[in-house]
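Participant: Here is how the chains run, residue by residue.
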Amino acid sequence: MTADNRPMIEVSGVCKYFGSFQALDDISFSVRDGEKVVIIGPSGSGKSTILRSINRLETIDRGKIIVDGMDVSNPKVDICKVREEVGMVFQSFNLFPHKTVLENLTLAQIVVRKRDRQEAEKIAMELLHKVGIAEKAAAYPAKLSGGQQQRVAIARSLAMNPKAILFDEPTSALDPEMIGEVLDVMKTLAREGMTMVVVTHEMGFAREVADRVIFMDHGRIVEEGTPEHFFTNPTHERAKLFLSQIL
Amino acid sequence: MTDNQSPHKAIEVGDGAAIPHKSDSGLFTAWRIAFFGAIALCLFLAFGRSDQYMAIFKFVPDGILVTFKVTLGSILLAIVVGLIAGLGRISTNRFINGLASLYVEVIRGIPLLVQLFYIYYALGRFVKIPDMVSAIIAMAVCYGAYMGEIFRAGIQSIPKGQMEAALSLGMSRGQAMRQVILPQAFKVVLPPIGNEFIALLKDSSLVSILAVSDLLRRGREYASETFSYFETYTVIALIYLVMTLFFSKLIGIMEERLNDGR
Ligand SMILES: Nc1ncnc2c1ncn2[C@@H]1O[C@H](COP(=O)(O)OP(=O)(O)OP(=O)(O)O)[C@@H](O)[C@H]1O
Ligand SMILES: [Mg+2]
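Chains U and P are the protein sequences, given in the same order.
Residue 421 is where the first sequence ends in this note's numbering, and the numbering goes up by one at each step.
Residue 346 is where the second sequence ends in this note's numbering, and the numbering goes up by one at each step.
Be aware that a few hints might be false.
Unchecked claim - Here are the simulated DSS-like cross-link-like pairs (lysine-lysine), alpha carbons at most 30 angstroms apart as the crow flies: (1) K333/P x K273/U; (2) K244/P x K304/U; (3) K333/P x K153/P; (4) K244/P x K250/U; (5) K244/P x K238/U; (6) K271/P x K337/U; (7) K286/P x K212/P; (8) K244/P x K361/U; (9) K310/U x K271/P; (10) K244/P x K273/U; (11) K244/P x K255/U; (12) K271/P x K317/U.
What the hints assert, rightly or not - Simulated coverage check for chain P against chain U, where a stretch passes if three residues somewhere in it have a Cβ under 8 angstroms from a Cβ of chain U: (13) 247-256; (14) 260-269.
No lab work stands behind these hints, which were simulated from the structure alone.
Beta carbons are placed, not taken as given, at the ideal position from N, Cα and C, and that holds for glycine.
Could you build the full structure based on these sequences and the hints that come with them?
Facilitator: Pasting the structure below:
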């Protein structure tokens, strides 16, 4: 077990450029095993970029990212191994439309984790029960509501037994009445001790679930602390302004 | 970066052979008139007063079979070549990408007939294979370039989030391509590939210039023996017309089924 001595995710001095535009500027933070970190910040502040760098959907230009002891920033490291251990949930769900809900959950189990079909389906059904849509197992994603799709996407990620899950604005594409059902699933995961890094604008969720809140602006971490501290007594002007606008 | 999971964008590639849709009622009616008209004309000629046409109808069917073989062989091989070329065109490896692009550009810049001659005789110089196989390879090399562009467009029409989702589940690029991208892309490329099939069916008549006894060549053989050029080519044209119209329809129906599926 990684326990307390070694962080699950360690980001140090990360810089990232898109052309000449600097999207990330010297980002450092770490996430311990079982910790829930919420990243907030205005649009374009680099939240998605840092999240996507953790499983190398974006490559970084400077700095270092270590996930579960594996160096993501080293091009020689087999990134698939990292991605097996770190799930990702997207704003736009990204379910596979040509596969049923059940197949969405079993595909990577079979081709990546090398489980046999029966075992994969058993695990998939358990997870679908857990997120409350077992009855849709045979349906295609297009037949599901946004909230249901996102719950399937979370279950798909869980099916790999990840050590951590990254969430990039998982509720931003949802109709308001569906946000709750997805947040509930995420809260359950949090209670069960999943390591989570969540980019969100849901301040209620951040307050309730986060161990730590990171506030980003213009590619930098401007403020970092407990939700207590952040929501009641932020030190930086930018954070204050942001909170006053969003709350 | 946040691709909406919209239904796949329709892509428009392909040329010439239009496949009538039910919705396009004008074309649909035209299809019926042409198809049943051509068949009626065939029957009228075959069983009409003169035996001349019947003789032609008896002589050419061998050629129809060859035309089918060439078309089917070429399209299947062209799909394989096209898939490789298409994957090459989107490869991040600069060498592979350059090679695939070069292939596409060169092929698209040379008339089909010239390529046919060239590849056919080039092959003949180095290997001993049946004429029909050479012809099929030559056609596939040509059509593979167009098919490659269709595959490239088809693959690129799949939202980026699909690849990202597959990768973040730990799949390799190859696995993601095979399991997630290509199955979706295949649905997108099917209509343009159908168009290519019809175009290829017509272009297969070019192989009659090589030593392949396809429908057109059988016609030429018959005509030069009997000197009944007009009658022979009337029949040949009618048979091609019936075949292309028939397959256009078939492909159109297949496509509709596919869309109804989901
Ligand atoms: N592929 C890209 N090419 C060029 N610029 C990019 C690319 N991806 C992101 N950027 C830019 O980098 C900056 C940070 O983007 P990022 O998506 O990380 O922001 P964000 O904090 O997630 O914002 P949002 O709340 O809108 O999702 C933005 O200014 C964006 O325009
Ligand atoms: Mg974002």
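Participant: Hint by hint, say whether it matches the structure.
Facilitator: Status of the hints after comparison with the structure:
1. K333/P x K273/U: This hinted pair holds, its Cα atoms lying about 29 angstroms apart.
2. K244/P x K304/U: OK: K244/P and K304/U at ~29 angstroms, within 30 angstroms.
3. K333/P x K153/P: Judged against 30 angstroms, a Cα distance of about 20 angstroms means the pair holds.
4. K244/P x K250/U: Holds. K244/P to K250/U sits at ~24 angstroms (cutoff 30 angstroms).
5. K244/P x K238/U: holds (26 angstroms)
6. K271/P x K337/U: violated (36 angstroms)
7. K286/P x K212/P: Distance ~27 angstroms between K286/P and K212/P Cα, so the pair holds.
8. K244/P x K361/U: This hinted pair holds, its Cα atoms lying about 29 angstroms apart.
9. K310/U x K271/P: Satisfied, since the Cα-Cα distance of roughly 24 angstroms is no more than 30 angstroms.
10. K244/P x K273/U: Satisfied, since the Cα-Cα distance of roughly 17 angstroms is no more than 30 angstroms.
11. K244/P x K255/U: holds (21 angstroms)
12. K271/P x K317/U: holds (19 angstroms)
13. 247-256: holds (count 9)
14. 260-269: holds (count 4)
The structure is inconsistent with hint 6 alone, although it conforms to all the rest.
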